[in-house]
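The listed protein sequences correspond, in order, to chains P and U. For the first sequence, our numbering begins at 1 and goes up steadily by one. For the second sequence, our numbering begins at 1 and goes up steadily by one.
What the hints contain is simulated information worked out from the structure, not anything from laboratory work. Among these hints, one or two may not hold up.
Put simply, identical chains are the same to the list, so a pair is met inside one copy or across any two.
Said to hold, decoys possible - Here are the simulated DSS-like pairs of lysine-lysine, each with C-alpha atoms no more than 27 Å apart in a straight line:
(1) 262 <-> 597
(2) 263 <-> 524
(3) 259 <-> 351
(4) 263 <-> 311
(5) 276 <-> 518
(6) 259 <-> 597
(7) 597 <-> 518
(8) 524 <-> 253
(9) 262 <-> 477
There are 2 protein chains.
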Amino acid sequence: MRVQATSRVSALKNIATRLRIDCVKATSEAGSGHPTSCMSAAEIVAALFFSEMRFDSRDPQNPDNDRFVLSKGHAAPILYAAWAEVGFFPREELLNLRRIDSDLEGHPTPRLPFVDVATGSLGQGLAAGVGMALNARRIGAAYRTYVLTGDGEIAEGSVWEAANLGERYHLDSLCAIADVNALGQSGPTMWQHEMDTLARRWSAFGWHTIVIDGHDVQAVLDAFDEARSTKNRPTIVLARTIKGKGVSFVEGKNGWHGKPFKKGDEEQRALAELEKQFVAEDEPAPSPEPPPRRASRSEPQPAVLDPPGYKLGDMVATREAFGEAIAKLGQKDPRIVALDGDVKNSTFSEKFEQRVGDDRFYQSYIAEQAMIGMAMGLASRGAIPFPSTFACFLSRAYDFIRMAAISHVNIKMAGSHAGVSIGEDGPSQMALEDLAMMRAEPNITVLYPCDAVSTERLVVQMAYRPGPAYIRTSRPKTPVIYGPDETFEIGSLKVLRQSTDDVATVVGAGITVFEALKAYDELKATGISIRVIDLYSVQPIDSVMLVHCARETRGRLITVEDHYAGGGVGDAVSGAVASAGLTVERLAVREIPRSGKPEELVDRYGISAKSIVRAVRT
Amino acid sequence: MRVQATSRVSALKNIATRLRIDCVKATSEAGSGHPTSCMSAAEIVAALFFSEMRFDSRDPQNPDNDRFVLSKGHAAPILYAAWAEVGFFPREELLNLRRIDSDLEGHPTPRLPFVDVATGSLGQGLAAGVGMALNARRIGAAYRTYVLTGDGEIAEGSVWEAANLGERYHLDSLCAIADVNALGQSGPTMWQHEMDTLARRWSAFGWHTIVIDGHDVQAVLDAFDEARSTKNRPTIVLARTIKGKGVSFVEGKNGWHGKPFKKGDEEQRALAELEKQFVAEDEPAPSPEPPPRRASRSEPQPAVLDPPGYKLGDMVATREAFGEAIAKLGQKDPRIVALDGDVKNSTFSEKFEQRVGDDRFYQSYIAEQAMIGMAMGLASRGAIPFPSTFACFLSRAYDFIRMAAISHVNIKMAGSHAGVSIGEDGPSQMALEDLAMMRAEPNITVLYPCDAVSTERLVVQMAYRPGPAYIRTSRPKTPVIYGPDETFEIGSLKVLRQSTDDVATVVGAGITVFEALKAYDELKATGISIRVIDLYSVQPIDSVMLVHCARETRGRLITVEDHYAGGGVGDAVSGAVASAGLTVERLAVREIPRSGKPEELVDRYGISAKSIVRAVRT
């Protein structure tokens, strides 16, 4: 126990009261928000910000600062109040909560410099915290990571995925605090105040588990002390709290979730009660202690790689080229890390593990939500993570991906085994909606290379382009069609065949580029010319060239994709050329496919050369 | 312990050996598949099918049959071998495994009559099993539900969500068996053979936990006996097994996942070893026992509801009309059930709970994957489940939704709080990619009503349309614009304003219908007429009417949607009119939005009447 802890108690109590007052005022002024969810956490937040955490309150992004993730994002007002209390911005700002011209949004986003990852979709903060703790190891920083969760969100499986991985990686710099206020949005939480039931679960998952009264400041401080001295495993502090604590007429009452006190009498009654809770202080209000300086400040430069080592005509699956590319990149840039969901021998991320080593390769096991969440945490602290799995299983983490887009973090996702061309494993293993899923997010870069050279070049491009990105790779081997010096700009495309007599532009991507090239040869033999495009950059997309090509080819555009019709390449191209008044004919998978040989399936679902030839001829 | 169990052991051992042989032969013939993952489970499957389960082997869908879910779907060959062994189809069929003309796919799908839900995306089977066990209660059946999982998939959070709910609902008719063979796809599983570590987790989650040697037939039988006599909570049998058991040169070896024995020498060596494992039998091979008859065979008819009780001009949020509609429907049809993720007071599914009662309202707490998985299990056994939450949080369950589409089960999903029009809560609570996500699946019906009457009518329609469906509802109150007798066909649309002078067709859905109507009034005042469409059915979509309207309005189509541009209403309409050579101008949200008032946000992100007027005028 720290010597100063006891004498700090009354000062921290008063800070907690001030935080409560600020939350009441801000939400009443906004006319919406979750004051009662803030009030249960006031002592925890006060103790964290004014006693436990080491951070430079004027520089929230200092690489040595302890990290704080508010997983229960709806308690945003108390996060904002804490940063006002440390002096990062004027307290009056809090009254702009939830206004369109304020960054103090309803739930925290990284528009605010003290927010690393957006929260508000429950159950995501702990995985991000695992990623941040792993990052401390990567950069040799001493910072600790604190994650404040609600008790309702502990029902999310993603929390248990993160719990497993926190233990697996022995993250003793990670401390989660569950604000167990026993009430969810619509009623009691699953375990309410059964602290033993909760403790049993966390202990079984290997966490050091401490149960406390979350309104007892001394107990909170002691728990943090104990967490800090616990080695080799993470700690969870299960804090029994009262929702709405501090205002008698809402304390522990159902029906007050997400409900501010009405301005006027109701708010005034609440504030009057809170004002009475200030106590005499036996020392001045504490200030946050700055962290010891330990993390490196040097800014690594983007790596420049040797040209891809493939020869024209080599048969290489793009998934294998992906593995090669991240391995090459990882060997040159220490920020590059890789995460796997037990498919490294299929995605070829094992090349990274073999050549870069274990310490930057994180095995997430079969837990895709945690994999993406960890990547978000790593990215938010300066790493450039490449989480990869079968593309279809990224759908498991779509809510995390959505939040990664809102966070605009540098996560570089890779999905292999796209489409029906995987063959015999059948529909459960085929990604046929991943382009729709990724394209929907307006700030996710979506790449879909067809050969090994373009894959390697695009992996490097995506690594250093700010924000989230996705690369889609295929299972079958495809021939290398680009020379080692060919360059690939994101937002551009390649015209592979063209003549002045072209009767249509066929837009392929991934394996369908080769179907388009086959169709070209077949049609050529009968005297018909088509233009063939490799649309390796699906988002952003090269509207100008698409329109230009279409206009040169009688206005005809035909897309062909190993993806369902909704939301994929066809929709992307169609949107891109709409303002020019052009329409698109779309060849895509239009029903739930089945098992079979790759070539049989590509043909059966209408995306083979045969279908292209037919479409051109019609 | 059952008297016959001991004398059955040798017969069951031989069945296990035959299953192994069948799996080796089928996968070798196919040239792909997962024989070693089957071999670890052979005794478990033999004991289940030939001693434990009560089912009519000629009628897999008999409502009294015990249910079996192969959560480790990659072990499909052993499921197929078991059904061949019980005589449901000829053993020779197994050699058609994974062929395009066979329903014996790489992973099980309900194309096969003995498969309830498709598996192959790991970690999903247990939630489906919870749903099936709940369904037994609903229909008063005595069937038990068995779920066979791998150990690798236990890392999926969804398993722990289902574990929580299995306990919460005291499902003693549910028995999970974990085939702990310690090897995943790319390496050892997280806990390998640490049986205690696994047992600690399941016990902490409240399950009756039995650890056995999964190759000891008597131990397997005893465990099932113990499970059957365990009351008030589900059982997990943690079976320590050896991957590839039975063939010495692959037993417990890494690198043999998803790898068949090569035809010829390798396969023959494996088969020779297995053939030697047959033992003398002390009784003839057992046959499955049929179940006692208990579930009702009566087929309920679709309910016919009184017309919606709204008056033109009433202000009602579509989310509230959704709650009203499922409550009305649930009161008339016992198959209708509802599931919630702790937001019933926002989605208004609480109306169902209040009026239909607890026994068909399943609280999933904040665990959306389990919610959808449970709904899949319920639907596969005859219920018509309406799982609902905020639309954005359905993204949490996208992989389950994908598998529900592959399963073509009758799940009727509802997502509220669509788009920026939710206002101050900010982007984490706004669904802006749900249409893209749902539309991508070719067999999901996607509905998006704008008023209370159409919502109620469409809820009834979706309930009785076979297959998965999704309805998107909004937070703000909107005026009732349809009379109580108006009918709504899925795949159709409503033309709300039209004249012979229309200069453009504006297609709205949900809240943007009212923006379009406002734009209509504004333009009308300046002498410009537009046609206004309510596109309540986004998938299937009324291409004919869209083309017809566009042609009557100078070929101009403008879509406006409270959704991101990728994959939503604009893409849907564009795809629908492409073959007519028409293009679409799309008003949609094109960046990550922020907090603010609904009307401010609708305006700022370019989907308000103002933007429509500007687009029409351009």
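For this session: Indicate which option fits the pair residue 259, residue 597 if close means a Cα-Cα distance not exceeding 27 Å: within, between, both or neither.
Result: between (57 Å within a copy, 16 Å between copies)
Exercise. Quick one: residue 262 to residue 597, C-alpha cut-off 27 Å, is that within a copy, between copies, both, or neither?
Worked result: between (65 Å within a copy, 18 Å between copies)
Exercise. Between copies, within a copy, both or neither: which fits residue 259 and residue 351 at Cα up to 27 Å?
Worked result: between (52 Å within a copy, 20 Å between copies)
Exercise. Is it within, between, both, or neither for residue 263 and residue 311, if the alpha carbons may be no more than 27 Å apart?
Worked result: neither (72 Å within a copy, 33 Å between copies)
Problem set entry | Homomeric proximity label, residue 276 with residue 518: Cα distance no greater than 27 Å | Classified as neither; 80 Å inside a copy, 51 Å across copies.
For this session: Tell me, please, which holds for residue 263 and residue 524 at an alpha-carbon limit of 27 Å: within, between, both or neither?
Result: Result: close neither inside a copy nor across copies, 75 Å intra and 41 Å inter.
Problem set entry | Same-copy or cross-copy closeness of residue 262 to residue 477 [CA-CA at most 27 Å] | Between. Shortest inter-copy distance 21 Å satisfies the 27 Å Cα cut-off; intra-copy 64 Å does not.
Problem set entry | Intra- versus inter-subunit Cα pairing at 27 Å for residue 597 with residue 518 | Intra 19 Å, inter 54 Å, cutoff 27 Å: intra-copy only.
Exercise. Is it within a copy, between copies, both, or neither that the alpha carbon of residue 524 lies no farther than 27 Å from that of residue 253?
Worked result: This pair counts as neither: shortest intra-copy Cα distance 76 Å, inter-copy 52 Å.
Going through the hint list in order, the structure does not satisfy hints 2, 4, 5, 8.
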